[in-house]
Amino acid sequence: MKISVQINASPYQHQAADTAWHFIQAALAGGHEIYRVFFYHDGIYNALRDSRPPGDERDIVKRWSELHVDNNIDLVVCISSAQRRGLLEQSVAKKVAGYEKALADGFRIAGLGLLMEAVIDSERHVIFGE
Amino acid sequence: MFIIDKPLHGNVRAQEFLDMAMMAAAFDQRVLMVFEGDGAYALLQHQQVESAGLKNMTPVLSALAIYDINDVLIERESMSSRAINEDQLLMPADVLPRCEIKNKMNAADHVFSF
Amino acid sequence: MLFIINKNSAEIASCIAKASTDDVVLLIEDAVFAVVECDASPIVQISGSASAIYALSADLQARGIGEDACYKHIKFVDYLGFVELVVNNNPIRSVF
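Protein chains in written order, with the working numbering: chain S, 8 to 137; chain D, 14 to 127; chain P, -17 to 78.
Chain S with its partners taken away, still in its complex shape:
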């Protein structure tokens, strides 16, 4: 079955990103397709490249990047949620002096349209939040 996932909460602050990750692993193991993971509201903080958790903790951002590499899953960060919270899309970021690329590997920034497309094209849409 084609399933889309939406994540509305920031990592570490809330368990939502962990639950979503385990859910996605189980869905893939069960032979289902994860069509897209869409990061909305504070969920955009899952995509911060410079997140550096202590060595004995799970690295949530890296885990998402690996999910993209290992399973080719589309990780989309909402552009309006991201810009409001200081995470800029590459073409905009280039125009801001001193602003380095902040988006972690495997993520892309795009509009809400991609969420709607995922919702319409998937058989299920599961929302994780706080």
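If you are wondering where the hints come from, they were derived from the structure by calculation, not from laboratory data. Do not rely on the hints blindly, as some may be mistaken.
Unchecked claim - Quick list of simulated restraints, FRET-style, between CB atoms:
1) A44/P - A36/S: 15 to 23 angstroms
2) D81/D - C20/P: 42 to 50 angstroms
3) S93/D - G120/S: 47 to 55 angstroms
4) E90/D - Q43/P: 34 to 42 angstroms
5) N70/P - S64/D: 43 to 51 angstroms
6) K69/S - E19/P: 22 to 30 angstroms
Said to hold, decoys possible - Lysine-lysine pairs mimicking DSSO-like chemistry, simulated, CA-CA at most 27 angstroms apart:
7) K19/D - K(-11)/P
8) K0/P - K117/D
9) K57/P - K115/D
10) K(-11)/P - K115/D
11) K(-11)/P - K117/D
12) K0/P - K19/D
13) K69/S - K108/S
14) K68/D - K19/D
15) K54/P - K(-11)/P
16) K0/P - K115/D
17) K115/D - K9/S
18) K117/D - K9/S
19) K9/S - K54/P
What the hints assert, rightly or not - Sample of chain P residues lacking proximity to chain S, with all beta carbon distances greater than 10 angstroms (derived):
20) N(-12)
21) E11
22) E19
23) V26
24) H55
25) F58
26) N72
On a predicted model such as this, the values are computed, not experimentally measured, just so you know. Here a beta-carbon is modelled for each residue, glycine too, at the ideal position from N, C-alpha and C.
We have chain S already, so just place chains D and P on it with the hints.
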């Protein structure tokens, strides 16, 4: 179906949630906007949001019809338990009992909340 | 339909009350505290609820709650079971 069961102001989530609903309408989806629980307060008139320094979201609610969102429902039980009368609402809404809203929910393709 | 609830609050009781016999309620994250058989549980107010109530085992284990401490009518699922509930039920309402 989009369910607002939390206050409209106080954080940016309701604002971003309404963006989602409007985007769904732009994708030609029939949007049912449901107010229940403390979300019923979102439809009260006379919200002077600026006094708290927040962005006023009530004009967006009033403009939902412009985005082809014409199904605005409010749960009767949520209103009565919060002492909200229909004449206090800032826009026309269908006051429906919980069971009828639940029936519409069952029939929805997707249910969004925040 | 499937309700996914992630907080131990009065909202659980209202969702279960709202749910019909065909509906399924899944409790995850901090909501799993609700299935502990005790006076503080929001489930205690509901007698003879018709809908099936599931709790996510990993979240129970993470919080040190054994299945024997839970209400007898609760069913337990792992993440694969969570996926099955999603596959078998629609629409899905995540309650926050």
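Hint check:
{"no.": "1", "hint": "A44/P - A36/S: 15 to 23 angstroms", "verdict": "holds, 20 angstroms"}
{"no.": "2", "hint": "D81/D - C20/P: 42 to 50 angstroms", "verdict": "holds, 49 angstroms"}
{"no.": "3", "hint": "S93/D - G120/S: 47 to 55 angstroms", "verdict": "violated, 39 angstroms"}
{"no.": "4", "hint": "E90/D - Q43/P: 34 to 42 angstroms", "verdict": "holds, 37 angstroms"}
{"no.": "5", "hint": "N70/P - S64/D: 43 to 51 angstroms", "verdict": "holds, 49 angstroms"}
{"no.": "6", "hint": "K69/S - E19/P: 22 to 30 angstroms", "verdict": "violated, 40 angstroms"}
{"no.": "7", "hint": "K19/D - K(-11)/P", "verdict": "holds, 15 angstroms"}
{"no.": "8", "hint": "K0/P - K117/D", "verdict": "holds, 13 angstroms"}
{"no.": "9", "hint": "K57/P - K115/D", "verdict": "holds, 24 angstroms"}
{"no.": "10", "hint": "K(-11)/P - K115/D", "verdict": "holds, 21 angstroms"}
{"no.": "11", "hint": "K(-11)/P - K117/D", "verdict": "holds, 25 angstroms"}
{"no.": "12", "hint": "K0/P - K19/D", "verdict": "holds, 18 angstroms"}
{"no.": "13", "hint": "K69/S - K108/S", "verdict": "holds, 16 angstroms"}
{"no.": "14", "hint": "K68/D - K19/D", "verdict": "holds, 16 angstroms"}
{"no.": "15", "hint": "K54/P - K(-11)/P", "verdict": "holds, 20 angstroms"}
{"no.": "16", "hint": "K0/P - K115/D", "verdict": "holds, 7 angstroms"}
{"no.": "17", "hint": "K115/D - K9/S", "verdict": "holds, 26 angstroms"}
{"no.": "18", "hint": "K117/D - K9/S", "verdict": "holds, 24 angstroms"}
{"no.": "19", "hint": "K9/S - K54/P", "verdict": "violated, 34 angstroms"}
{"no.": "20", "hint": "N(-12)", "verdict": "violated, 7 angstroms"}
{"no.": "21", "hint": "E11", "verdict": "violated, 5 angstroms"}
{"no.": "22", "hint": "E19", "verdict": "holds, 24 angstroms"}
{"no.": "23", "hint": "V26", "verdict": "holds, 24 angstroms"}
{"no.": "24", "hint": "H55", "verdict": "holds, 24 angstroms"}
{"no.": "25", "hint": "F58", "verdict": "holds, 15 angstroms"}
{"no.": "26", "hint": "N72", "verdict": "violated, 6 angstroms"}
In terms of the numbered hints stated before, the structure departs from hints 3, 6, 19, 20, 21 and 26, listed from lowest to highest.
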